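Protein chains in written order, with the numbering used here: chain P, 1 to 439; chain S, 1001 to 1176.
Calculated from the structure, these hints are not laboratory results.
Values in this document were obtained by computation on a predicted structure and should not be read as measured data.
Some hints here could point you the wrong way.
[To be verified] Reference excerpt, derived from the structure (chain P facing chain S, CB under 7 Å, subset only):
hint, residue
1, Thr54
2, Thr162
3, Gly179
4, Gly182
5, Tyr200
6, Ala226
7, Gln250
8, Ser272
9, Ser315
10, Thr355
11, Ala404
[As the list claims (entries may be wrong)] Here are the simulated lysine to aspartate or glutamate pairs, EDC-like style, with alpha carbons at most 20 Å apart:
hint, chain 1, residue 1, chain 2, residue 2
12, S, Lys1162, S, Asp1073
13, S, Lys1162, S, Asp1048
14, S, Lys1162, P, Asp236
15, P, Lys219, P, Asp236
16, P, Lys181, S, Glu1157
17, P, Lys181, S, Asp1137
18, P, Lys181, P, Glu164
Note that the Cβ used here is the ideal one computed from N, Cα and C, for glycine as well.
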Amino acid sequence: MKQVWSVLAAIFLVLGAGPLAAQSPLRITITEGTREPVAFAAPAFVAESARAATIAADLTDVVTANLTGSGLFRDIPATAHIGRITSFDAPVRFSDWSLLDAQLLITGSATTTADGQLVVKFRLWDVFAQAELGAGQQFVGPSSSWRRMAHRIADIAYERLTGEPGYFNSRIAFVSETGAKGQRRKRLAVMDQDGANLSYLTGDETLLLAPRWSPDNRKILYTSYASGQPEVVELDLATRATRPLTALGQVAFAPRYSPDGRQVVLSANEGSNTDIYLVDPATGARRRLTTSPAIETAPSFSPDGRQIVFESDRSGTQQLYVMPATGGAAARISSGPGRYGTPVWSPRGDRIAFTKINEGRFHIGVMRTDGSDERLLTGSFLEEAPSWAPNGRVLTFFRETQGAEGAPQIWSVDISGRNLRPLPTPAFASDPAWSGLIQ
Amino acid sequence: MSISKLGWILVAALALTACSRGENADALFQGQTSLEDEFAAAGALGPDGQPLPPTSRAFFQQVIGDRVFFSVDQHQLTPEATAVLDQQANWLLANAAGTITIEGHADEQGTRDYNIALSNRRAAAVRDYLVTRGVPDGRLTLVPFGKERPVEVCSTEACYSKNRRAVTVVGSAIGS
C-alpha cells in the first residue's frame, strides 16, 4: 500500500489543456440552514483500452457514491442523460447537461499502459459557466489502486466546490461483533469509509474494545482483555504485530494518541479510582494528569496538542472538562441538563463531539470548545462514541437497538445533523474510529 | 432457586451467630462443615444428583452466592450485599486456593468508558469489604467488564438490576 501511494504521489500531473477557469460561481457553502444539494452528472468514464472497461465503470460508480453519500451532491442518473462522453478530450456540449439542470459535470477516462499501469484522468466542469472548474488531473498506479483514485477524484470535487478538505480517501476501524447479546464475540476490523475493502485485524478469542488511529494511520490502539484484564495494546498495521502499551496487570483503557503521535493519553485504574495518564509509547514512562477521586476518563487531545478534553463525575455526574495537556486545573465546559461523556476534539479544532444521556435517551452532539453552541445531532435508545471524519464535517458513531435482540450498527451524520445514515457492515459493528486522510 | 435460597439463609444465619460470638476462622470453618448435612438434607444437589460438597466452587456460586448487586450508577454496598460478602469472606478463607477474581459489571445504560470505570468501583468496593473481613488483599484481582457481559439481555430494569453486579470468581477450591 505504501509503495502504491508513493507512485501515485510522484505522478500527480496537472493536465495542461483547457483555459484556466476564472473564479467560478459554482460553490457549496456549508451552512447551517437547509441546502439544496448540487446536481451533478458523472457520465461513465471513457475506457481508452479494452482492459480498462470494467475499472472505468467502477470508478464512475465510486465517485458518484462518495459525492451523493456526503449529502451535498445529487446525482443525475445515467438513464436521464442526453449526451454521451465518448472522448475525454473532445469539447463538452454544455447544453446537453444544462438541459438536465446539472450544475457540475465530471468527465473522466481510464486506460492501462503496456506495463500494466492504470492511468485515470478527470475534469470537473461548471456547466452554467461553461468552464472547467480547476485543472484536470491524472493518476497513474497499479490497477489495484483504482478505488483510491476514485476517492481522490471525489475528494478533489468536494474540495473545489466546498473550499474544505474532503474525507473520502480514508478508512474506518471498528469492532465487528457476532453472537448473542450476553456473549458477544468481538474482533477488530478496518474498511474504507464507504464499506469497501473490509479486513479483520484480530481474531475474536478475547474481548476487545475501541480502536484509535495513530496520526500517521500506521498504528491502532485498542483495549484488549487478552491478559484477563483490560489493557491498552498497540497494533502495527503493516506487520499486524501487537504489543501491550501498559505494564501487565495494570488496568488501562480509553487511549488516544497525541497529535504528533509521540504520546498516548489514557485512563488507568488505581484501586477504585480511575484517572488520566500520559504514557510514552516508546519507554512506557507515565505521568498522572488527574488526581481527584472521581471517575476521569475518555481523554482526547486538541489538534494543537496543548489541551485535553475529558469526562469526569467530580461534580456528581458525568460532565466534560478541558485541562492543559500537562495536567493542572480543569474547566468544566458542559452545562446543559443530563450527563455528558466520550468527548472528542474535532481535527479542525473548533468543536468537541460528545455523547449526551438525558431523560433516558442517548444523543450525539457537538459544542464549541468552550461549551457554547451545544447542538444535538441525533438521538435514540442507545448511541455513543462519536469519531470525526478527517475534515471535521462528518461524524461516525454507533447506535444499539434495545431488547434481547438489540445489536449495534455504525452510522454517520454531518455536523449540521443532516445526512444521518447507517454504514454497511457484514456483522454487528460498534466503536467506529475514522482515520486521517490517506496521503 | 428456592433451594439455594434456603441454603443461603441457613449459612447466613449460622455465620451471623458465629460473628456475633467473635469466633475465629477455625470455628467458622467447623461451622460450615457441620452445615454439610443440613444442605444435603435441604437437597442442594449438583448436576450429578449428588449433594454439592460445601468446599466446592459450585457450592460457593449456588449456596453462598457469588454476586452482589448495585443501584443505578452506584457502587455502595447494600446491607444485602454485605451479608453475602460476609459469607463469601468466611468461605474464601476456608476453601479458596490461589487467586480470587472480582468481576465488576454495569448495565447498558451508560457509555462504555464510564461503565468500565463504574464497574471497577463496584469490584473495588467488594474487594475492600472482603479485605476488612480478613481476605488477603494480594489474592484479590479486579476485572472491570463495564457493560460487556450482561447476564440478562432485556432492556428494562428487571434485567438491568441483575446486570449491575460484582461477581466473585474462585480460581480453585479445596473441593474443586
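A quick look at each hint next to the structure:
| no. | hint | result |
| --- | --- | --- |
| 1 | Thr54 | violated, 42 Å |
| 2 | Thr162 | violated, 32 Å |
| 3 | Gly179 | violated, 12 Å |
| 4 | Gly182 | holds, 5 Å |
| 5 | Tyr200 | violated, 19 Å |
| 6 | Ala226 | violated, 12 Å |
| 7 | Gln250 | violated, 11 Å |
| 8 | Ser272 | holds, 3 Å |
| 9 | Ser315 | violated, 13 Å |
| 10 | Thr355 | holds, 5 Å |
| 11 | Ala404 | holds, 4 Å |
| 12 | S/Lys1162 / S/Asp1073 | holds, 13 Å |
| 13 | S/Lys1162 / S/Asp1048 | violated, 28 Å |
| 14 | S/Lys1162 / P/Asp236 | violated, 39 Å |
| 15 | P/Lys219 / P/Asp236 | holds, 5 Å |
| 16 | P/Lys181 / S/Glu1157 | holds, 16 Å |
| 17 | P/Lys181 / S/Asp1137 | violated, 33 Å |
| 18 | P/Lys181 / P/Glu164 | violated, 41 Å |
This entry does not satisfy hints 1, 2, 3, 5, 6, 7, 9, 13, 14, 17, 18, going by the numbered hints stated previously.
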